[in-house]
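Engineer: Sequence:
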Amino acid sequence: MARYNAKAAEEKWQNIWRERRCFDVETDPQRPKYYVLEMFPYPSGKLHVGHVRNYTMGDVVARYKRAQGFNVLHPMGWDAFGLPAENAAIAGKVHPKEWTLSNIDTMRAQLKRMGLAYDWRREIATCHPDYYRHEQKMFLDFLKAGLAYRKESWVNWDPVENTVLANEQVIDGRGWRSGAAVEKRLLSQWFLKITEFAEELVVSLKTLERWPERVKLMQENWIGRSEGARVFFALKGRREKLEIFTTRPDTLFGAAFCAIAPSHKLAEQIASRDPKLAAFIAECNQMGTSEAAIETAEKRGYDTGIKAIHPFDPAIELPVYVANFVLMEYGAGAIFGCPAHDQRDLDFARKYHLPVTPVVLPPGQDRAHFQIALEAYTETQGTLINSRFLDGLDVAHAKRAAIKRIEELQAGEGTIAWRLRDWGVSRQRYWGCPIPVIHCAKCGIVPVPEKDLPVTLPDDVTFDQPGNPLDRHPTWKHVACPQCGCPALRETDTFDTFFESSWYFARFCSPRAAHAFERRDVDYWLPVDQYIGGIEHAVLHLLYSRFFTRALERCGYLAITEPFAGLFTQGMVCHETYQDTAGNWLFPEEVQRDDKGRLHDAQGGPVTAGRLEKMSKSKRNVVGLETIVDAFGADTARLYLLSDSPPERDLEWTDAGIEGAWRYANRLWRLVTEREKPLPPAGVAMPKELSAADQKLRRATHQTIALVTDDLEKFRFNRAVARIRELTNAIDEIGDAGGATQREAIEAAVRLLAPMMPHLCEELWQALGHQTLLAVESWPAADAALAIAETVTLAVQVNGKLRGTVELPRDIGDDDAKEAALALPTVMRALEGKSPRKTIVVPNRIVNVVV
RNA sequence: GCCCGCGUGGCGGAAUGGUAGACGCAACGGACUUAAAAUCCGUGCCGGGAUACCGGAGUGCUGGUUCAAGUCCAGCCGCGGGCACCA
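Its first residue numbered 1, the first sequence is counted upward by one per residue in my numbering.
Don't read these hints as lab results, they were simulated from the structure. A couple of the hints might just be wrong.
To be verified - Here are the computed lysine-lysine pairs in the PhoX-like style, where the Cα-Cα straight-line distance is at most 25 Å: (1) Lys-193 - Lys-144; (2) Lys-12 - Lys-112; (3) Lys-838 - Lys-801; (4) Lys-93 - Lys-617; (5) Lys-216 - Lys-206; (6) Lys-151 - Lys-617; (7) Lys-97 - Lys-137; (8) Lys-97 - Lys-46; (9) Lys-216 - Lys-614; (10) Lys-696 - Lys-677; (11) Lys-46 - Lys-617; (12) Lys-265 - Lys-151; (13) Lys-241 - Lys-151; (14) Lys-265 - Lys-193; (15) Lys-614 - Lys-46; (16) Lys-7 - Lys-33; (17) Lys-477 - Lys-97; (18) Lys-276 - Lys-184; (19) Lys-7 - Lys-112; (20) Lys-714 - Lys-33; (21) Lys-834 - Lys-818; (22) Lys-265 - Lys-216; (23) Lys-151 - Lys-351; (24) Lys-184 - Lys-299; (25) Lys-677 - Lys-688; (26) Lys-307 - Lys-351; (27) Lys-818 - Lys-838; (28) Lys-137 - Lys-184; (29) Lys-193 - Lys-137; (30) Lys-93 - Lys-477; (31) Lys-151 - Lys-184; (32) Lys-241 - Lys-265; (33) Lys-151 - Lys-236; (34) Lys-617 - Lys-97; (35) Lys-236 - Lys-265; (36) Lys-351 - Lys-276; (37) Lys-216 - Lys-236; (38) Lys-216 - Lys-193; (39) Lys-33 - Lys-12; (40) Lys-216 - Lys-714.
Given the structure is predicted, the values throughout are model-derived calculations rather than measurements.
Whole structure, please, built from the sequences with the hints as guidance.
Structural biologist: Structure, rendered in structure tokens:
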């Protein structure tokens, strides 16, 4: 039995697509556009099947939409800056640039073997000055627009590597590579003012109809909008006031103390004259930031001796503490404590013997007996007590009344607090985009003049010592101040690499333009119609990009505010993990299974299989592409990745699964190429009279076209594949008896499958006698009339229990259906001679007889 | 703690409130073959019948709504994810 030669066919069709420029596209305002994009990869070394699942989904959408007549933009590029390149440089004595570019070459070649319908002319890599020069310009524009600024802030500092670490790089309070306990350090850093758009970023989530609810919810949580009030407490014997934020102004009469963050201005002020407080603050700064550290940390405070005056009654004085649980970054960095209705405040009050006054009486509680012991009442149902003018109100009304009074007294106002903080973009790293500013002793911070852009990275850097190579480069940072000409210093920090990925989707529209974007191109192509990527970017990349698009719009670069009209988050590809007796991770191909099902390594040593995990280099549970594509071809891999699980769920890679897909590829291939009786020629007319079997196949064909089209619209690739397999089964069933109907069915199957298995389908399309390329063919249309059956099978139930089925003409009258149902022997037996009380007929579906 | 999602055969998974288990994987049995591979056919569970077939139970658990519930509602159990000293 002959086998489909995937390798030869795939090479052949890839060459033809390339020669005929099938996937090259241009801006064409006369035609409807569709922009499909998969999150571009970091060039870590090699592609694995996890990457490919993502790109295959995008490719199906791109090919499908093209067949539907859209002008489809489907580009690919490289998120090329980042830490791993530097780590490789430190470990392997290879320059980050070389390492990155050679990885890109490898991965590009791998991608090309997958037959993805990309416009490769548009490829970009973010590490090229031709790319990053534009973001330097954007940064300067942000600076002018007040969207970028520099401030001192507390950062994660790795004392061994001498660098700031991103939050993701701090694992349980320790640097991910050095293992050193991360310290908090106060450093001057560049920030982008994402908080400026906090409100908009939440509100317009509602307009993103084709985004997963889950992602929108995560962004909403992350931005964290809280309605409340800002209240100013006068401080006894002091001129300044203490600003606090609260979401519970209704509980102001329950206040027992005020507390400020250790890094609060007032705390620092007092500490300068109070060594004990200074020591306390230092201790707070030592505290770990890991989840465990926070959970076990005791609530501690230091009484400053200062008294705050209650805004509603000057006779009430509250002690002001510096407390370790108050965060400077949120609200005003200061709170009032209401122990009866906040658990932390209660813990704190019990420890420091502060009064606990309940001010909200839970529903159904007796005021005389209501007491707070060790558990605060934090619900917002209840009635205000002990609160003078608020007494008797429910919580919601009391909040409003309290805010009204605060505003009348000019002691504050209703306001909204955000959890979202400005985006710190400075990194003490070499392999990133240089931040285009100069520090001058006289002029301060001076932006690099536009004529001097790009500020390019020097190539001659060393990695033999820890820290930022740019900082110790002998000449690079020494420049003349563009304003006064005096010797000055270049900024040696580089941008967070999320900076590059925040605008790359727009650059694809005009990837070689001299300035960032051609308006004609971005106005045509943007927003991205379908974006596809992993859920791990639900907040970071997707939020940054939404912010960036707004910032670019404000600076006149773009005319849109939302970059991605549709988003799909696909699941991960997982694989078992393997470890030998020494605990070393093993690659799947190093593990063999003996006939008793036990696992061994190459030397015969026992191997234990661990849990199913996301494919990752460190655990070695990756399935490389080469092995799979060499053995089965790209199409088989694509089919398996699409068919085995719903796309949003995780997929477990199994060898048996890929073999099943390979069996199907061959089955379809034989269906066309190995026939005892040849199919009628292409374009053969459908006979007027069709046998029942022929009619049935025709119906299946047109039903399948309609269903698969619907499935692809809704990203249900696994179901689309199942439908096509069903049609294949139907084609098999009719055997060589079918003529024109069988050709019609096979052609439909091939065309429907083409987005998923493009090479095989081109091969079959050609074998079926066609001259055209499927890659540029239009999508098949279902004939609704042909998809409808003349007869339908009705299920017949007695008391809701299935008792049989009956084949009847479509749209038969209810009475006829009832009669036919009652005539069934199984129904009569179930009725046991009783007469039906009621019969429900759902046309063309079901008859339910109730006795 | 708060918010969200999900529980269906041995496995991945299908089912606009209307015949649960499509499609596939695995396993078992059979056909073809000197043999193997490949290919093809059959098989969800329990009880009875060699077989056709007949009966029953069944979508995490307990209730409810309905002629009819995997699907809707309430409560519980379990798993997964996000956020969290956020005032």
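Engineer: With reference to the structure, classify each hint as holding or not holding.
Structural biologist: Outcome of the hint check:
1. Lys-193 - Lys-144: Distance of about 12 Å is within 25 Å: holds.
2. Lys-12 - Lys-112: Within the cut-off at roughly 13 Å; holds.
3. Lys-838 - Lys-801: At roughly 15 Å apart (the allowed maximum being 25 Å), Lys-801 and Lys-838 satisfy the hint.
4. Lys-93 - Lys-617: 20 Å, holds
5. Lys-216 - Lys-206: 8 Å, holds
6. Lys-151 - Lys-617: With Cα atoms ~37 Å apart, Lys-151 and Lys-617 exceed 25 Å; violated.
7. Lys-97 - Lys-137: 22 Å, holds
8. Lys-97 - Lys-46: 16 Å, holds
9. Lys-216 - Lys-614: Holds, at about 24 Å.
10. Lys-696 - Lys-677: Given pair Lys-696, Lys-677 holds - Cα atoms ~21 Å apart, limit 25 Å.
11. Lys-46 - Lys-617: 10 Å, holds
12. Lys-265 - Lys-151: 15 Å, holds
13. Lys-241 - Lys-151: This hinted pair holds, its Cα atoms lying about 24 Å apart.
14. Lys-265 - Lys-193: 22 Å, holds
15. Lys-614 - Lys-46: 16 Å, holds
16. Lys-7 - Lys-33: 33 Å, violated
17. Lys-477 - Lys-97: 20 Å, holds
18. Lys-276 - Lys-184: 20 Å, holds
19. Lys-7 - Lys-112: 13 Å, holds
20. Lys-714 - Lys-33: Satisfied, since the Cα-Cα distance of roughly 19 Å is no more than 25 Å.
21. Lys-834 - Lys-818: 16 Å, holds
22. Lys-265 - Lys-216: 36 Å, violated
23. Lys-151 - Lys-351: 36 Å, violated
24. Lys-184 - Lys-299: 19 Å, holds
25. Lys-677 - Lys-688: Status holds; Cα separation ~21 Å.
26. Lys-307 - Lys-351: With Cα atoms ~19 Å apart, Lys-307 and Lys-351 stay inside 25 Å; holds.
27. Lys-818 - Lys-838: 10 Å, holds
28. Lys-137 - Lys-184: 32 Å, violated
29. Lys-193 - Lys-137: Cα-Cα ~17 Å, so holds.
30. Lys-93 - Lys-477: With a Cα-Cα distance of about 24 Å, the restraint between Lys-93 and Lys-477 holds, given a limit of 25 Å.
31. Lys-151 - Lys-184: 15 Å, holds
32. Lys-241 - Lys-265: 12 Å, holds
33. Lys-151 - Lys-236: 31 Å, violated
34. Lys-617 - Lys-97: 21 Å, holds
35. Lys-236 - Lys-265: 17 Å, holds
36. Lys-351 - Lys-276: 19 Å, holds
37. Lys-216 - Lys-236: Given pair Lys-216, Lys-236 is violated - Cα atoms ~46 Å apart, limit 25 Å.
38. Lys-216 - Lys-193: Cα-Cα ~21 Å, so holds.
39. Lys-33 - Lys-12: Violated. Lys-33 to Lys-12 sits at ~29 Å, over the 25 Å cutoff.
40. Lys-216 - Lys-714: Holds. Lys-216 to Lys-714 sits at ~19 Å (cutoff 25 Å).
Against the hints set out earlier in the document, violations occur for numbers 6, 16, 22, 23, 28, 33, 37, 39.
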